[in-house]
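Protein sequence lines, in the order shown, are assigned to chains Y and U. According to numbering that gives the first Met the number 0, the first sequence holds residues 0 to 316 in order. According to numbering that gives the first Met the number 0, the second sequence holds residues 0 to 316 in order.
Everything labelled a hint here was simulated from the structure, so no lab data went into it. Don't take every hint at face value.
To be verified - These stretches of chain Y come out as covered by chain U in the derived footprint (C-beta under 8 Å, 3 or more residues): (1) 1-12; (2) 89-100; (3) 191-205; (4) 217-226.
Note that the Cβ used here is the ideal one computed from N, Cα and C, for glycine as well.
Number of protein chains: 2
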Amino acid sequence: MDILFLGTSAGVPTRKRNVTAIAVSENQSRNWCLVDCGEGTQQQLLRTHLSLHNLQAIFITHIHGDHCYGLIGLLASAGMSGRKTPLRIVAPQGIREWIEATKRHTQLFIPYELHFTEVESLTAINVGPFEVHTTELSHRVPSYAYRFTEKIIRTSLDTDKLKLQGIQPGPVWGKLRQGQDITHEGQQLLSQDFVQQEVQVRKIVVCGDNDHPQLLQSLCQDCDVLVHEATYTQDIAAKASDAGHSYAGLIATFAESMQLPNLILTHFSPRYQSDPEAPCSVEHIRREAYALYSGNLYLAEDFDHYQLMQHGEIKKN
Amino acid sequence: MDILFLGTSAGVPTRKRNVTAIAVSENQSRNWCLVDCGEGTQQQLLRTHLSLHNLQAIFITHIHGDHCYGLIGLLASAGMSGRKTPLRIVAPQGIREWIEATKRHTQLFIPYELHFTEVESLTAINVGPFEVHTTELSHRVPSYAYRFTEKIIRTSLDTDKLKLQGIQPGPVWGKLRQGQDITHEGQQLLSQDFVQQEVQVRKIVVCGDNDHPQLLQSLCQDCDVLVHEATYTQDIAAKASDAGHSYAGLIATFAESMQLPNLILTHFSPRYQSDPEAPCSVEHIRREAYALYSGNLYLAEDFDHYQLMQHGEIKKN
């Protein structure tokens with residue numbers, strides 16, 4: 000599974016960070032899903048390999064503008080670039096109403112079907128190779144997390160057993176691996192006797208704005224990666240005017256309590272600068288989280304590409 | 000007067016051109032006006048010297064998304080960055096309704112007053128140093144042009160006359176220039192006898208999408224600069240699926256018939272590439288216009304900055 004960050008700033012864009020949008024895709028696949036769609040997401044996409052033709056579904060975490068104002072332009076552009084296949088949108092009901100109002104007032108024409116699923120009544124939905132579950136978070140407006148579960152079935156042939164029965168490597172092995180039952184030198188061979196299947200389950204949880212990480216306890220069970228906002232450090236969060244956000248230490252403490260192997264922080268307040276020497280730097284967010292979390296910690300930047308590898312480790316490109 | 004292009008692509012953004020937005024400002028002033036506000040305009044602004052605090056008014060030409068979908072994010076960001084002063088919006092009625100719907104469905108909070116003027120019923124409006132007039136154009140939806148008129152009063156002292164009367168350079172000259180009547184060496188000197196005022200009027204016309212340039216005849220009378228779309232060349236326009244646009248030759252012919260001194264073309268279909276050797280290049284738009292127009296011709300690019308100088312000529316930075 001791949002995660003590509005298209006925007007990592009909270010509230011307003013900066014010169015280095017656009018507002019929130021995150022692409023989740025199957026490794027090596029052209030198909031992808033989008034979580035949130037802040038203004039300028041379609042412009043960010045022009046700098047990636049992702050195409051609007053291969054977009055399977057859009058998941059919106061909540062109705063605040065920095066998470067959805069790019070949606071209408073992206074839907075329009077997909078149409079203008081010739082998309083005809085239906086597109087699934089999973090979002091709060093307000094998003095559906097806003098799209099309808101925008102269609103009406105600005106003559107937005109979308110030449111493909113939108114299949115809308117209200118997140119409020121969602122339990123689980125299958126999109127491409129993913130099963131997606133959700134849970135409600137705590138923010139100033141209803142906000143949601145989405146968990147993408149991918150099941151990979153790995154097939155292996157018990158070659159020792161074959162050799163013990165005197166069946167040497169050759170086309171017979173291939174047929175058995177493919178599930179064919181065959182007769183070989185007068186012997187009836189059943190594929191199921193020689194083939195082992197291992198099911199590997201991988202889970203990525205991508206969250207909307209949230210000031211109460213404990214709400215993720217069930218959704219994060221056995222998850223490989225948690226992507227969560229860390230808008231502030233604790234000191235600044237205490238005096239920030241916009242409530243409903245997590246600070247680095249809060250989410251790090253939760254991730255540690257759950258023994259999550261990988262934590263990616265994003266959605267940083269624009270007051271945190273890139274320069275580690277700045278009086279208010281994202282480096283301070285990193286330090287606060289690092290002190291409380293012993294897993295693999297990452298702070299996302301725009302166009303960061305994280306690959307979840309076979310054994311659950313992350314490779315960052 | 001200054002014109003800064005923030006987006007020059009038609010319909011969808013490209014890697015080199017964002018969708019339409021044009022800043023018009025008084026030369027050497029921090030105050031500015033915005034004409035159209037396609038998605039990503041606030042991100043483009045981060046790469047300029049323009050501040051949302053000094054934005055005097057926004058003029059929207061028509062309701063199509065590539066001319067207005069950046070409006071809501073820009074209004075939100077101006078609020079989040081602390082703007083308190085009211086903002087004037089001149090736009091079709093649909094824009095007002097869309098902003099209201101967006102406020103409702105996405106809890107958009109704007110902590111300053113929006114003073115909305117419906118362009119449908121506008122004759123003229125004063126914004127900062129500009130008097131702004133409008134006229135309706137021809138497009139698939141109602142579309143408008145805005146003319147910005149600036150009056151500069153230049154004061155000069157008749158130094159020959161002063162010298163003839165034996166009044167030598169000194170503080171007396173300064174006082175007379177400032178409009179003070181004085182007594183000098185027993186002589187009563189009236190400022191108006193030595194001061195000349197020259198009123199210089201400059202006009203810039205910025206247009207929405209339009210397939211009938213003749214509609215601009217009255218608005219373009221004596222104008223210094225016309226900014227107009229040239230979405231296509233004539234050959235492509237004939238087979239384009241989206242009607243209601245001008246091709247280079249059409250608007251060039253109009254500008255020539257009006258003897259306009261400066262014509263800036265913008266809003267190019269993304270099929271026209273920057274490379275002059277490409278099979279479909281903006282160079283073809285330039286050539287088609289150049290063959291029919293003898294004034295100063297410009298093809299806008301993002302972040303192009305045009306200054307209208309004292310004698311009506313354009314300086315491009």
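If any of the earlier hints don't hold here, list their numbers in rising order. 3, 4
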